[in-house]
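Chains as they are written, first to last, in my numbering: chain V, 1434 to 1546; chain U, 5 to 115.
No wet-lab data here; the hints were simulated from the structure.
Among these hints, one or two may not hold up.
Claimed, not checked - SDA-like mimics (lysine to any residue), calculated; alpha carbons at most 20 Å apart, straight line:
1) U:K18 to U:K61
2) U:K61 to V:N1527
3) V:K1475 to U:K61
4) U:K13 to V:G1474
5) U:K13 to V:Q1514
Here are the chains, one letter per residue:
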Amino acid sequence: QQQVKQSPQSLIVQKGGISIINCAYENTAFDYFPWYQQFPGKGPALLIAIRPDVSEKKEGRFTISFNKSAKQFSLHIMDSQPGDSATYFCAASNDYNTDKLIFGTGTRLQVFP
Amino acid sequence: NAGVTQTPKFQVLKTGQSMTLQCAQDMNHNSMYWYRQDPGMGLRLIYYSASEGTTDKGEVPNGYNVSRLNKREFSLRLESAAPSQTSVYFCASSLSNYGYTFGSGTRLTVV
């Protein structure tokens, strides 16, 4: 019942490079798309989120790009730093479903100096 | 500190034993959730509670039960633990379905 597909499973990037993580969804009723960041031994924490009425949202070095027609969204981390090394989860939910987020399978990002 | 508190942080059980994972939040959130995290599987919803007094099954409810004791507390019970329940368990809460706040997790090993 995987409604949100995330890739790649792991990603290695050099310091200063761009990290890109992609997600695709199936349910056209989804209208909220957050990204969560998880450091080892910690719970996930909300990083950035987007609604489908915009195609891009930027917060500092983190940008979400959203393609409604393709049912895809992606996280771009500019000028990647070793401190960005973490697992990233995309998620989606339906505004009319007050219950739950559906998460992707996660991407482990490693940024090397 | 405001947030979601989970206990215990670590637990080892023998097959067939029972235990309850505790979760409490102090943010006056309505909704609470239990997820399990397994390598390559992401976060899978076990049970959730949209409000005090209500609970519903998620994607992987088999082998688990939950209790929403009050608005603050949401517990997860394993009646007869199995090795397949070895996982990291996360509790989360939210005011709506936006902006979940997660606890720091319980690492459970069933031998």
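To see whether the hints hold, each was checked on the structure:
1. U:K18 to U:K61: violated (25 Å)
2. U:K61 to V:N1527: Since the Cα atoms of K61 (chain U) and N1527 (chain V) sit roughly 17 Å apart, the hinted pair holds (cutoff 20 Å).
3. V:K1475 to U:K61: Measuring from Cα to Cα gives roughly 25 Å; hence the hint is violated.
4. U:K13 to V:G1474: Given that 20 Å is the threshold and the Cα spacing comes to 10 Å, the pair holds.
5. U:K13 to V:Q1514: violated (29 Å)
Hint compliance for this structure: hints 1, 3 and 5 are broken, all remaining hints hold.
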